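Residue-level listing of the chains:
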Amino acid sequence: MWHLIVMRRSVAILFAVLGLVLSRTAPAGAQLDFAGAGDGATHHTRVKLFLSAATVKPGDTIVAGVDLKMDAGWHTYWKNPGEAGTATKIDWTLPAGVSAGEIQWPLPHKLPPAEVATYGYEDEVMLLVPLTVAASVTPGPLTLSAKVSWLECRESCIPADDTVTAKIDAGAETQTSPEAVLIDTWKKKTPQPSGSLAFQAVWEKPAVGDTRSLLISHGPAAAEKSVQCSAVDFFPGASDNYEIEPAVEVLSALSSDIQLRKQVKKFSGDWPMQISGTVVFETGQGRSGYDVNLSVAEKVAAGTSGAATGPAAGTTAGTSPGATSLAPVDLAGTPMWQMLLYAFLGGLILNIMPCVLPVIALKILGFVSEAQSQPRHIRKLGLCYTLGVLASFLVLAGLVISFQTAGHQAGWGMQFGSPIFIVCLTTLVLLVALNLFGVFEVAVGGRAFDTASSLASKSGPAGAFFNGVLATTLATPCTAPFLAPALGFAFAQSAPVIVIFFLTVGLGLSLPYLVLSWQPAWLKFLPKPGGWMEKFKIAMGFPMLATVVWLFNIAASSYRSNVLWLGVFLVLVAFAAWIFGEFVQRGRQRKLLAGIATLLVLAGAYGFALEKELDWRAPAAGNGAGGGQATADGLDWQPWSPEAVAAARAAGKPVLVDFTADWCATCQFNKKTSIDVPAVRKKLKALDATTLVGDYTHFPEAITQELRRHHRAGVPLVLVYPAHAQVAEIVLPDGLLTPRIVLDALDGRTTPVQWGGIILWGGGAVGLVLLLAVYWRKQPAAAPTSVSRPS
Amino acid sequence: MKKTFVTLAALALAASAWAVEIGQPAPDFTGTDINGKTIKLADYQGKIVVLESYNSDCPFCHNQYKTGAAQALQKELAEKGVVWLMVNSVNPRNPSHRTASQAQQEWTDLKMAATAWIDDSTGTIGHLYGMKTTPHVFVVDKTGKVVYVGAMDDQPDPVHDPKTARNYVRETVDDLLAGKPIEVAQTKPYGCAVHY
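Protein sequence lines, in the order shown, are assigned to chains A and B.
Heads up, the first sequence is in this note's numbering, so the first residue is 283 and it goes up one at a time.
Heads up, the second sequence is in this note's numbering, so the first residue is 1162 and it goes up one at a time.
With the rest of the complex left out, here is chain B:
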């Protein structure tokens, strides 16, 4: 039984773990945001896109939002023409799942400034990208290639002040806009497990 489980685990990982590679095209997906709008990654060709796995019950995500750091970064990047897609893959049976109306409420309460919050409760996008933790961040450049995968910042705990941490998303976007090579292209993501 245990062996079967381990084998299944290995297969599941093999299927999901290396879904995205740095320098490779970001897999396209179509999803629906919390306002019912269809979001297709390919539509953002020509723009830098940030994908963030999100679950506000996860203290690691929440630390980014309760301090206002995530929203400030979303605003800052939006002004630079960057698209920020939040991906919530929490399954509907989990108490942390958000219905559309709950999510809209949370969006307003927390003054979120992302481009969209995609409801991925089926886990399709999460699995496609091999999202492990909340948060787990992916940055896609203007040509549609994955240029950064990993943690939001360099402080793997849920209590630090994100505003003073080294934020890898901002760094990546700034490097892209300046035409410089990405200094840190991969980090170990930290956070809660994505509740698929």
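Bound conformation, chain A alone:
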């Protein structure tokens, strides 16, 4: 035998022992024939089967203990064997009516060598399996049999199996067996559920190749007594597509503030969104394990919350806002089709949210002027509008995906965090308003159109497409009921799913017009085209102007008082538009001169106001400008941070958190109507509640992270943490709030969905537009169908 030759070498004693072991293991020739598995050949593990009960009452569950005793130096493996090895398997042969549950594995050890680390057991382990005896089982003896297969390793590995059998009587009562005590001692060695210990997993940075570092943390829990652990580790569950490396870097081993760094190696597919395993603590009192199933979030960049930084902000990234609040809202169980339905409904409802209303007015105008034309033409315009919407949503989806692949977090409405985008959009919306006022016309195909009836009809497909783009762009700062959970769900999915969700929202947004353009008969309800349209058009310029003011206000948070120069720029742009409209489009002479003047004014406005004075592409960081001050109403709004929530909760105070952004119209509306109202203020004072504001205007990652934890892709998000620290926070419904909802949440109750409010709001918005239309319809259509200006 070969190992005898090895024995000739030094360290003879050691090899004598090995030789003995091997000659037991592998009788002559057996080294080349491992058919030995299960054939009764000597192996190094002995198996026994114990039951927790001597008799069992049908309907009860007992515990079976499969006990493996290994010879010295030999080990068997855990459910995740680690970098090598195989988990022990148990195949039951059970009488009808008896069923086996999953194996409960005692806490394993990480076994050397370090370069190929595995998880397993030395000496002895008892694997526990719940056995349920159905109520239908007739009393009498039952034979329970288990084929146990394992891999045992020392200097080499041997697969083996054995069949163990135990008998139990089904009877009137469940009576414990003498072995129950032994089973119980092993039961105590299995990991506990993580319960109130709030663990969290965060990707530390973007992947390097197929490797990515993961931070697993817990705490800091303020109330807990802290003990220095002698060892802390995370043993991951088994996985095929990736591997969480056994090596661990312990950043903090305080029992109240555990922080680990692990390397994750990906084999195929996407980075895992969810990881499960066992967090292992070792203290003077021994080892304990907690089973966890964690959603993996992106890292919180230190200090971006704009808040007072917690202790060692760099490493406490992603710490919990409260000890019990970490379990994210469980959306995993919601089927995809339902989420898609939500996305669709959300898109539909977006139509009546305040952001999109000005564009709706334009659409209605378009339809009115179209009502008399060819159905085919109307359909074509409806399709173009839909295409405009869908194309814009595709662009948005592309942005989100490219952001995410670059390792950043993306959010709904995130482009509103970019001042450059705001400046461009402000300018664009101003031009739309000026166009509606008739200051200048949009030239298509080299011709200027200037009558109301030609606004949409003759500007044709391009105009309809533009309307779609504008509707989408203006829609993004609003979220609607249904939209928030759907997008929150979608943002955590793979690229194709994100695209499908965005397109579904787009379909929802454009559906009403698509349907109307396919059923022109329904347009009969709309007023006849007439002179009123010119007035209506000008009237609709004012909501656009209001939008400009709103956007200007957002820009103010980036540029501070310098925003004055944006105002100067806008005035100059308006002036240039007027020169263009009056002297180039409608002028008779010196058109070239007027054109040059237009360009000069524009160039001057851009070069002086935007570039020189405003320095618009590199604004001084205006982080947190929107939050953190006490407002005049007496509510002391403090900046949000996980630490601030934890501190308030530790002090036993209820907490209200308002995640908001300057550009988030829904947020502002909610604050005005439902949070910053006397009843709620009184309640907050009475409860001595802490009010925190999370400012998402500039898209800080800390808040993106927190939103993601609640399966939201963007603001608004309002959270209420009850005073009792053991109770999880209440997530207020997305979309529009009422004071009732907020008050109920402060009382620890959730309010049923306020359909009444939603319908009232939606109905009101649609009603207003229809009322305007009907009013004009009653006006005699005597006026000429087009109010032409000399051209």
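FYI, nobody ran anything at the bench for these hints, they're computed from the structure.
Honestly, I wouldn't trust all of these hints.
[Stated by the list, open to error] Heads up, simulated DMTMM-like pairs for lysine to aspartate or glutamate below, C-alpha to C-alpha not over 25 Å straight-line:
no. : chain 1 : residue 1 : chain 2 : residue 2
1   : A       : Lys361    : B       : Asp1315
2   : A       : Lys371    : B       : Asp1322
3   : A       : Lys361    : B       : Asp1318
4   : B       : Lys1227   : A       : Asp443
5   : A       : Lys487    : A       : Asp522
6   : B       : Lys1236   : B       : Asp1194
[Said to hold, decoys possible] Partial chain B-side listing against chain A, Cβ under 7 Å, derived:
no. : residue
7   : Pro1220
8   : Asn1255
9   : Pro1256
Quick caveat, the model's predicted, so the values are computed rather than measured.
Just so you know, even glycine gets a beta-carbon here, dropped at the ideal spot from N, CA and C.
Once you have looked at the hints, place chain B on chain A.
Structure of chain B alone, referenced to chain A:
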């Protein structure tokens, strides 16, 4: 003590774990096969090379060879011009270590059909490639780039019939020869720990 150990473990892993990356050049090495012949990876430039960590006392490896599946694959690939290098990194103190003569005997007994069996009892090549398990397979394309790392097949146990399993090495080589992208470029290796 334990902490020191863990730190050392982390360092050892950091050094060895990501030695090879898909799409990156395979690190060159020079070794000696069981017949005393010098084997240098760079000499096989222009050919597809399969590296297989091997230990016949490991039931996972042995399952591939006792069924004849590994030898059949070695023959099949040899006919396609593929080089198959077995790398045995078992340390000399381990009872599973094979001296040159033992290895030659095993080669004959099992009718092995690989290009060479490299004696890597120092663990140099194993560590260079971050070989964790036996078997742990690496496929290098004709330009010297690593194109597959992982398991031999999709059945991570020592008792299946390898001939009916989905063999990732064959798939990778066939994809390479057909000029197709590699469908599965990485899998979790399974088997016994390499006994460095």
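Hint check:
| no. | hint | in the structure |
| --- | --- | --- |
| 1 | A:Lys361 to B:Asp1315 | holds, 18 Å |
| 2 | A:Lys371 to B:Asp1322 | holds, 19 Å |
| 3 | A:Lys361 to B:Asp1318 | holds, 14 Å |
| 4 | B:Lys1227 to A:Asp443 | holds, 19 Å |
| 5 | A:Lys487 to A:Asp522 | holds, 22 Å |
| 6 | B:Lys1236 to B:Asp1194 | holds, 19 Å |
| 7 | Pro1220 | holds, 5 Å |
| 8 | Asn1255 | holds, 5 Å |
| 9 | Pro1256 | holds, 4 Å |
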